[in-house]
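Novice: Here is how the chains run, residue by residue.
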Amino acid sequence: MDYTYLIHTYLEGRLEEPLEEVLFGELSRNGALRKELSAQINLTNAAKRDASSILPTEAEKTALFAELGFAEIASAESTLVESALVESVVAESIGAAEALSGASNLSVVQSVVLMLCSAIALTLGVRSDSVFYANNTENIHNEVSERQALKLPLLVMSMPQERTESHFSDNMKSNYAFSQKPLPSASNLVAEDGNVNEESQEQVYSSSDDFNSANTDIQAVKTFVAEYPLQTQARLPLGIKHRPQLSSTFLQMSDNMIEQFPVQLGIRHLLGGGKLGLHGAIQYALNKEQAIGFEGGTEAARLLVRNAGNGDVRAMSANDESVFSGTAYYRHTFTRFALLPNKALVPFVQGGIGVVGRSGAVQGMGGLRFDVAPELSFVLAAEVKMPVFYAEQHFQSKTGISIGMQYHISDK
Amino acid sequence: MLHQQRVETCSDAELMRIFHSSPSERERVFSEIYRRYAQRTKVYCVRVVGNDDDGSDIFQETFVRFFRAAVREPQIENIGGYVMRIARNLCLNHKRDTKSTVTIDEWERAMPDFPNYEREELLNLIAVALEYLDFEYREAFVLRYYQDCSYEQIAEVTGASISTVTNRIWRAKDKLKTVLKPYLAEFEAFTE
Numbered sequence: 001m002d003y004t005y006l007i008h009t010y011l012e013g014r015l016e017e018p019l020e021e022v023l024f025g026e027l028s029r030n031g032a033l034r035k036e037l038s039a040q041i042n043l044t045n046a047a048k049r050d051a052s053s054i055l056p057t058e059a060e061k062t063a064l065f066a067e068l069g070f071a072e073i074a075s076a077e078s079t080l081v082e083s084a085l086v087e088s089v090v091a092e093s094i095g096a097a098e099a100l101s102g103a104s105n106l107s108v109v110q111s112v113v114l115m116l117c118s119a120i121a122l123t124l125g126v127r128s129d130s131v132f133y134a135n136n137t138e139n140i141h142n143e144v145s146e147r148q149a150l151k152l153p154l155l156v157m158s159m160p161q162e163r164t165e166s167h168f169s170d171n172m173k174s175n176y177a178f179s180q181k182p183l184p185s186a187s188n189l190v191a192e193d194g195n196v197n198e199e200s201q202e203q204v205y206s207s208s209d210d211f212n213s214a215n216t217d218i219q220a221v222k223t224f225v226a227e228y229p230l231q232t233q234a235r236l237p238l239g240i241k242h243r244p245q246l247s248s249t250f251l252q253m254s255d256n257m258i259e260q261f262p263v264q265l266g267i268r269h270l271l272g273g274g275k276l277g278l279h280g281a282i283q284y285a286l287n288k289e290q291a292i293g294f295e296g297g298t299e300a301a302r303l304l305v306r307n308a309g310n311g312d313v314r315a316m317s318a319n320d321e322s323v324f325s326g327t328a329y330y331r332h333t334f335t336r337f338a339l340l341p342n343k344a345l346v347p348f349v350q351g352g353i354g355v356v357g358r359s360g361a362v363q364g365m366g367g368l369r370f371d372v373a374p375e376l377s378f379v380l381a382a383e384v385k386m387p388v389f390y391a392e393q394h395f396q397s398k399t400g401i402s403i404g405m406q407y408h409i410s411d412k
Numbered sequence: 001m002l003h004q005q006r007v008e009t010c011s012d013a014e015l016m017r018i019f020h021s022s023p024s025e026r027e028r029v030f031s032e033i034y035r036r037y038a039q040r041t042k043v044y045c046v047r048v049v050g051n052d053d054d055g056s057d058i059f060q061e062t063f064v065r066f067f068r069a070a071v072r073e074p075q076i077e078n079i080g081g082y083v084m085r086i087a088r089n090l091c092l093n094h095k096r097d098t099k100s101t102v103t104i105d106e107w108e109r110a111m112p113d114f115p116n117y118e119r120e121e122l123l124n125l126i127a128v129a130l131e132y133l134d135f136e137y138r139e140a141f142v143l144r145y146y147q148d149c150s151y152e153q154i155a156e157v158t159g160a161s162i163s164t165v166t167n168r169i170w171r172a173k174d175k176l177k178t179v180l181k182p183y184l185a186e187f188e189a190f191t192e
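Just so you know, the sequences run in chain order A and B. Everything in the first sequence is counted per my numbering, starting at 1 for the first residue and increasing by one. Everything in the second sequence is counted per my numbering, starting at 1 for the first residue and increasing by one.
Derived from the structure by calculation, the hints contain no laboratory data. Cβ coordinates follow ideal geometry from the N, Cα and C atoms, glycine included. Worth double-checking, as some hints may not be accurate.
What the hints assert, rightly or not - PhoX-like cross-link-like pairs, simulated, lysine-lysine; straight-line CA separation at most 20 Å:
1) A:48 with B:181
2) A:35 with B:181
3) A:48 with B:177
4) A:35 with B:177
Claimed, not checked - Covered stretches of chain B (chain A as the covering partner; in silico rule of three or more C-beta atoms under 8 Å from a C-beta of chain A):
5) 12-25
6) 40-51
7) 152-158
Claimed, not checked - Derived CB-CB ranges, DEER-like:
8) B:72 with A:52: 48 to 58 Å
9) A:25 with B:174: 17 to 27 Å
10) A:382 with B:72: 35 to 45 Å
11) A:28 with B:27: 52 to 62 Å
12) A:58 with B:9: 23 to 33 Å
13) B:74 with A:32: 39 to 49 Å
14) A:21 with B:162: 23 to 33 Å
15) A:13 with B:124: 45 to 55 Å
16) A:48 with B:162: 18 to 28 Å
17) B:21 with A:1: 51 to 61 Å
18) A:368 with B:81: 34 to 44 Å
Extracted from the complex, chain B is given alone in its bound form (with noise of 0.2 Å):
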């Protein structure tokens, strides 16, 4: 029988089989699940959302209603992309109920003159800085050199045209170097 066999080398399509014929083997299935998109899901909710414990909320909150989704419909072929469209509409009503938007003079103001920086501080300026876009270029940044996702994935996920995503992808890129241009040469380390 197919639940038969190892979960881990299913494909998304069997483990949703799997998932709705055998009961009992929906606590294997989803552990599955969650062991090949938990990481790149809280990557994408924590910076898109710019809070550590909110995007921890939100990633939770995700496959929580991953697996009720999935319960009900048993046709999610791309698992991955559904849990990504969860945690996105997610993401934007947090975004909607928060509505944040800091300007660069403040950010220039809030940060030293002088870079010397840790690595970790390192690490999380380029955080903070993210914090300092709107939320369609910090997402468009995230999902293409956080995730690594094509720019065709990008759409898909987003609903953007591919000129659009480009330009958001651009755009993104262009203000964080500005914002971030007094330390970009301590980034070097992470080329070494």
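Isolated chain A (complex conformation) (with noise of 0.2 Å):
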């Protein structure tokens, strides 16, 4: 008798009594079948808990309801769009605008359209880079050569999307985005009235009699693939940027100071444009025209090496004379943190290399620079900024228009 099958039963409600008595007498003599009966217990509980799992979401209810037609969804939709960018804007102004990121599909009109109205928000400390062009290359990652190990099928997914996008970022850190998924293109095979399409279903049960069938299943592989995608973007940022600040610093060294005493310390606290923190730094000043240091506080940390076209260094001012620098940097948050994969919370984290150069109202930078959860990427960046500073003692002001060109690989 095939007790298995009957514990099935059993489980189901559907075993006449006889045999139940028959099941009861086997379970309890024969511990592999208690053992049986639980894995089945188990098997079905693992289903209902992940059924319950899956749940619709707002952004499919909402371009569900934007693809109908309801003018109130409709609306709440361009709502949305609003509170993204108020969102926004609180997010700088607590300094965690890299809080949210995100992706978008919006044509070239509604970009221009969110630049200007990022704009407006310019008084606030808001940047806003638009995105006019970028073009995304979903690649295979690391599961390819683990696939080909395991010689199992392989699907070579590259999907090319060209697509327009805006958003704003805090200061080409992080970019919050509004999301647009397109409803999915219909199939044409079923019939508008949802009757059955006969056809087509006597063809998938002809081909799926074989529950070993050696095919293969492109589903399973694609979705292998699809969690681990590399994904690499070309932007080309334009910026355009205020930012006052409110500042305090000491120790601001005179020429005659530095060859008396080559280590200069400085603390600033700032406020405004979206900034509210305490800084240290130390300097060590090589000669006039060289410095290393290091500089770190609540918002960031970096190192910094320094070299002044004109011999003139300062540890923290800008002014429009001419610096080059080259920079290594470290910056965390602890107002955005990122789920590993091992459980682990860790602030978001980022770092850089790179080099800035200005010359009077002109600066130039570029570099290398990797962020770390919750999304691994890599950004090699060139910018260039043209800032108008105003500095009283306590204040200092930057409106700046940059142009810019960002390579972007990233895992998400």
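Join the two chains into one complex using the hints; note that each chain is given alone, in its own frame.
Specialist: Written out as structure tokens, the structure is:
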């Protein structure tokens, strides 16, 4: 007698009474059968738990209702956009604009409109980067070699997607974007009235008789590959930014002081431009042109290697003289966390190396940046800025227009 | 008037009557229909198709098609069944277009030998294992254990006989059990 099947039938509530007694008798004697009972219960309970974890998302609902042309939902969508703008501003104001990131598929016209909207927010210290063209390519990551090693079916996917997007960002450190997921293109193989397409049904059944068929599960491979996509993206950010700051510094050193005491200490607090923080710095002047140092504070920490073309070295002041510096920095935030695969909660970490040069009102910068958590990304970026500074004793205002070029490689 | 009452208390048939008698109420009615059937429809689509993205697309398309059909057809009384039929047709078409089957051998080679899984990974495990079942077995398993449908309801949705449904459910469960055998002890956590 197949007791395994009896257990199944019993759990389904379809076992007749005489067989129930037979089954119980066997269960009382047979430990392996009790394990089988436990396994079947565990399996169905896991399925129920899995079912409860699948929920329709708000984005799906919004897209669906918009597709059906419901005005209320459509207006709600624009409200979402507005709130996104507000959120971006708020996030900037608390120094946490990088708390949100995403991608969008907006038209060029929408991009321009959003950029204009963002310009309105300039007085709040928000910077707008509008990307008018981006080319994304999803590539295969290291599971390619894994699957090859396992001699498993491999589907190489390369799906270039051209798109335009517009987003707000905090000084290129992260983006907030509006996400619009298009509804799927409907299969025209099902009758509009929802009736069964018998022909297609038969085709499916006739092709799926053999459970152990050796055909390639394209879908499974797609899923497998899609778990670790690497995305590359070229961007042309165009930005305008206004950033007022209140700050105080001390130990601004004259050239004579540098000669006498090459180690420079400083502290400053920042308020404005979306930043609130306290920084300390130490720099060692190698000579009048070059200095190395470390700056750290509530917002960021960085190593500085600085070379001033005109011989003027200043630890933390910024003016319109020619300055070239190499920089390596580490930055973390405690307002954004990521859950790593091993369940560790880590703060958002960003680092990079680069060069910054400024001559007169024009500032150029280029370098490599890496972000870790919640996404891993590498950014090769070059940017030219034209900031206009206004500085009083404790007040500094910087307004600038920038244009740049970035190349991103990330796992999102 | 009927459509003055709260839609939450209406039966499916009453909802459809309001839907047709008062076009201005359509959004409200549709919203209620979505509230009632979205979750189970999404569960069905995602798990039967075996892919979150495709399942989500089919889920949304199901409701788009339902709405369009509802505009034309006033006689829909069993909304849940109607939505399920549309979802099933779309899943069948998706299945036909992708033609997927992977052997148990491949599953075993792909999985590590050591069962040391976190809770979410265990759930993912059962979801992935489902993909290795043929469509009719997977569908029977999802309808029975994910949606808690009776054998009679499954027979109605799939158009199969009760005995066929019984056989499919058993075979699906048996195969999943075989595939997941090394990990079933880990599923113990779900029963506690």
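Novice: Are the hints correct? Go through all of them and say.
Specialist: A quick look at each hint next to the structure:
Distance restraint check for residue 48 (chain A) and residue 181 (chain B): the Cα-Cα separation of roughly 18 Å lies within the 20 Å cut-off, and the hinted pair is therefore satisfied. Taking the CA atoms of residue 35 (chain A) and residue 181 (chain B), the gap is near 11 Å; set against the 20 Å cutoff, the hint holds. Proximity of residue 48 (chain A) to residue 177 (chain B) is assessed by CA-CA distance (about 15 Å); at most 20 Å being required, the pair is judged to hold. For a cut-off of 20 Å, the pair hint linking residue 35 (chain A) to residue 177 (chain B) stands: about 12 Å separates their Cα positions.
Beta-carbon proximity to chain A at under 8 Å applies to 0 residues in the region 12-25 of chain B; the threshold of 3 is not reached and the given coverage is violated. Against chain A, the region 40-51 of chain B contributes 7 residues with a C-beta closer than 8 Å to a partner C-beta. That satisfies the three-residue criterion, and the hint holds. Counting residues of the region 152-158 of chain B whose CB lies closer than 8 Å to any CB of chain A gives 0, which falls below the minimum of 3, so the coverage claim is violated. The hint said 48 to 58 Å for the Cβ distance between residue 72 (chain B) and residue 52 (chain A), and at roughly 35 Å that hint is violated.
In this structure, residue 25 (chain A) and residue 174 (chain B) meet the distance hint of 17 to 27 Å, their C-beta atoms being roughly 23 Å apart. The hinted window of 35 to 45 Å between residue 382 (chain A) and residue 72 (chain B) is violated, with their beta carbons roughly 57 Å apart. At about 60 Å, the beta-carbon gap between residue 28 (chain A) and residue 27 (chain B) stays in the expected band of 52 to 62 Å. Between residue 58 (chain A) and residue 9 (chain B) the beta carbons are some 25 Å apart, a value that agrees with the proposed interval 23 to 33 Å.
Distance hint check for residue 74 (chain B) and residue 32 (chain A): the Cβ-Cβ separation is about 58 Å, which falls outside the suggested range of 39 to 49 Å. Distance hint check for residue 21 (chain A) and residue 162 (chain B): the Cβ-Cβ separation is about 25 Å, which falls inside the suggested range of 23 to 33 Å. In this structure the hint that residue 13 (chain A) and residue 124 (chain B) lie 45 to 55 Å apart at CB is violated, the actual value being about 29 Å. For the pair residue 48 (chain A) and residue 162 (chain B), the supplied restraint of 18 to 28 Å holds, since their beta-carbon distance comes to about 23 Å.
A hinted range of 51 to 61 Å holds for the C-beta pair residue 21 (chain B) and residue 1 (chain A), which are about 59 Å apart. About 58 Å separates the C-beta atoms of residue 368 (chain A) and residue 81 (chain B), a value inconsistent with the hinted range of 34 to 44 Å.
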